[in-house]
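K.L.:
We have chain A already, so just place chain B on it with the hints.
Protein chains in written order, with our numbering: chain A, 38 to 235; chain B, 38 to 235.
Be a bit skeptical, because a hint or two may be false.
Because identical chains cannot be distinguished in the list, a pair is counted as satisfied if it fits within a single copy or across any two copies.
Cross-link-like lysine-lysine pairs, in silico, BS3-like; alpha carbons within 27 Å at most [as the list claims (entries may be wrong)]:
hint, residue 1, residue 2
1, 115, 133
2, 59, 46
3, 74, 46
4, 59, 74
5, 194, 115
6, 133, 42
7, 74, 42
8, 60, 42
9, 138, 115
10, 60, 138
11, 197, 59
12, 160, 60
13, 42, 138
14, 133, 197
15, 60, 46
16, 60, 74
Hint data in this document are derived by calculation from the structure and do not stem from the laboratory.
Quick caveat, the model's predicted, so the values are computed rather than measured.
There are 2 protein chains.
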Amino acid sequence: MFTSKPIEKIVELFSTLPSIGKKTAQRLVFYILRQDKDFALSLANALIELHEHTLYCSTCFNFTDTDPCIVCSSQTRKSRLICVVEEPQDVTAIEKTREYKGMYHVLHGTLNPLEGIGPNEIKVRELLQRCTTEVEEVILALNASVEAELTIQYIAKLLKPLSITVTRLSRGLPVGTDLEYTDEATLARALEGRVNVQ
Amino acid sequence: MFTSKPIEKIVELFSTLPSIGKKTAQRLVFYILRQDKDFALSLANALIELHEHTLYCSTCFNFTDTDPCIVCSSQTRKSRLICVVEEPQDVTAIEKTREYKGMYHVLHGTLNPLEGIGPNEIKVRELLQRCTTEVEEVILALNASVEAELTIQYIAKLLKPLSITVTRLSRGLPVGTDLEYTDEATLARALEGRVNVQ
Numbered sequence: 038m039f040t041s042k043p044i045e046k047i048v049e050l051f052s053t054l055p056s057i058g059k060k061t062a063q064r065l066v067f068y069i070l071r072q073d074k075d076f077a078l079s080l081a082n083a084l085i086e087l088h089e090h091t092l093y094c095s096t097c098f099n100f101t102d103t104d105p106c107i108v109c110s111s112q113t114r115k116s117r118l119i120c121v122v123e124e125p126q127d128v129t130a131i132e133k134t135r136e137y138k139g140m141y142h143v144l145h146g147t148l149n150p151l152e153g154i155g156p157n158e159i160k161v162r163e164l165l166q167r168c169t170t171e172v173e174e175v176i177l178a179l180n181a182s183v184e185a186e187l188t189i190q191y192i193a194k195l196l197k198p199l200s201i202t203v204t205r206l207s208r209g210l211p212v213g214t215d216l217e218y219t220d221e222a223t224l225a226r227a228l229e230g231r232v233n234v235q
Numbered sequence: 038m039f040t041s042k043p044i045e046k047i048v049e050l051f052s053t054l055p056s057i058g059k060k061t062a063q064r065l066v067f068y069i070l071r072q073d074k075d076f077a078l079s080l081a082n083a084l085i086e087l088h089e090h091t092l093y094c095s096t097c098f099n100f101t102d103t104d105p106c107i108v109c110s111s112q113t114r115k116s117r118l119i120c121v122v123e124e125p126q127d128v129t130a131i132e133k134t135r136e137y138k139g140m141y142h143v144l145h146g147t148l149n150p151l152e153g154i155g156p157n158e159i160k161v162r163e164l165l166q167r168c169t170t171e172v173e174e175v176i177l178a179l180n181a182s183v184e185a186e187l188t189i190q191y192i193a194k195l196l197k198p199l200s201i202t203v204t205r206l207s208r209g210l211p212v213g214t215d216l217e218y219t220d221e222a223t224l225a226r227a228l229e230g231r232v233n234v235q
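Pulled out of the complex, with its shape left as it was, chain A reads as follows (with noise of 0.2 Å):
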């Protein structure tokens, strides 16, 4: 299909990314084919180093270059606040809101008894070590799904006799939204956690 063996090599490696199907990974190669050669070296440079010297915290879990991550050894931060989330990625969603100034710890993954992951195939225990009289609040600010359901309920089984206030993300309508287009669960949720009018 490709007049040329290394386009079709890398529109194939390309294609195996996630949300991108055959003809974005065509239309970036082309797009890359047209920049600069620099362009092509410093994003191939790029991921060589990505992978190098990309480690995990040995506290948090989530990705970094330096260990303690940059959040772990923070002096400003919260220390007695701990947010538990699934992966990497929910550090920076949570991050973005510049509202949050504890820590973090990435469980990655939540309990899947169906598919065999269990409290030591995903960073539960680690979370455990961490929560020393020291800690005051553990946050699990987990997805909505019903494996989050169930590893928060978990946690927080675990985490009682600690007495440690475990707290989750309230549920309810996001901003900008209208009633009328909601779905039936949401709004069930939003009704069901109504809060005083101050």
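P.N.:
Same frame as chain A, but now just chain B:
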């Protein structure tokens, strides 16, 4: 925003690619991180080889890894038929139809007086040099834009004295479309270009 410089760098680079926003770039990078290190390395190598081993065919100006390219050097394709396209990806699109067995000529753009792109900025002269007495037909398979129209008229005028048949792609209803949802311009062209029922 990111807790790792190498991640930040590659997200930055990826998000300069067309149709890749910051969020998609981030998803791609985290996907690559979750794969084997070899995947990132093979992607890096493919990027390095891309420019290294890709050149322009000196006959048709398509991207190729051999000169002349496999189309131009083919013994089975019709050398008397030249299909003129704007960009290398158009060759891929036409090859996919498996209907065309002639040669190609990539212009690398269209005439655009407003942006200062004249005949010397695209491969028009090179096309004329190929249009010897042996060539029977030149198909102008350009996009449906004002600039492409200008380019078609310009090339047709140049080829007229050479007694070469100059054709263009037909305009009409795309396969599988309902009349009801077809835009006026396309419908007008389909009416104008109506053919006898056989």
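K.L.:
Have a look at residue 133 and residue 197 and pick one of within, between, both or neither, based on CA distance no larger than 27 Å.
P.N.:
neither (30 Å within a copy, 62 Å between copies)
K.L.:
When no copy is specified for residue 133 and residue 42, does a C-alpha distance of 27 Å or less occur within a copy, between copies, both, or neither?
P.N.:
between (41 Å within a copy, 16 Å between copies)
K.L.:
Given identical chains, is residue 138 near residue 115, meaning Cα to Cα at most 27 Å, within a copy, between copies, both, or neither?
P.N.:
For residue 138 and residue 115, only the intra-copy Cα distance (6 Å) is at most 27 Å; the inter-copy one is 69 Å.
K.L.:
Measure nothing new, just compare the shortest in-copy and cross-copy C-alpha distances for residue 59 and residue 46 to 27 Å and report within, between, both or neither.
P.N.:
Answer is both: 12 Å inside a copy and 25 Å across each meet the 27 Å cutoff.
K.L.:
Under a CA distance limit of 27 Å, which applies to residue 59 and residue 74: within one copy, between copies, both, or neither?
P.N.:
Intra 23 Å, inter 23 Å, cutoff 27 Å: intra and inter.
K.L.:
Is it within, between, both or neither when you check residue 197 against residue 59 at 27 Å Cα-Cα?
P.N.:
Neither. Shortest intra-copy (50 Å) and inter-copy (39 Å) distances fail the 27 Å Cα cut-off.
K.L.:
When Cα atoms must be at most 27 Å apart, do residue 60 and residue 46 count as within-copy, between-copy, both, or neither?
P.N.:
both (14 Å within a copy, 25 Å between copies)
K.L.:
With identical chains, the pair residue 60 and residue 138 could be close in the same copy or across copies; at 27 Å between alpha carbons, which is it: within, between, both, or neither?
P.N.:
Between. Shortest inter-copy distance 22 Å satisfies the 27 Å Cα cut-off; intra-copy 42 Å does not.
K.L.:
From the Cα coordinates, with 27 Å as the cut-off, is the pair residue 194 and residue 115 best called within, between, both, or neither?
P.N.:
within (24 Å within a copy, 75 Å between copies)
K.L.:
Given a CA cutoff of 27 Å, do residue 42 and residue 138 count as a within-copy pair, a between-copy pair, both, or neither?
P.N.:
between (50 Å within a copy, 20 Å between copies)
K.L.:
Could you place residue 160 and residue 60 in one of the four classes (within, between, both, neither) given a Cα distance threshold of 27 Å?
P.N.:
Between. Shortest inter-copy distance 25 Å satisfies the 27 Å Cα cut-off; intra-copy 38 Å does not.
K.L.:
Cα distance capped at 27 Å. Does residue 74 pair with residue 46 within a copy, between copies, both, or neither?
P.N.:
both (18 Å within a copy, 18 Å between copies)
Against the hints set out earlier in the document, violations occur for numbers 11, 14.
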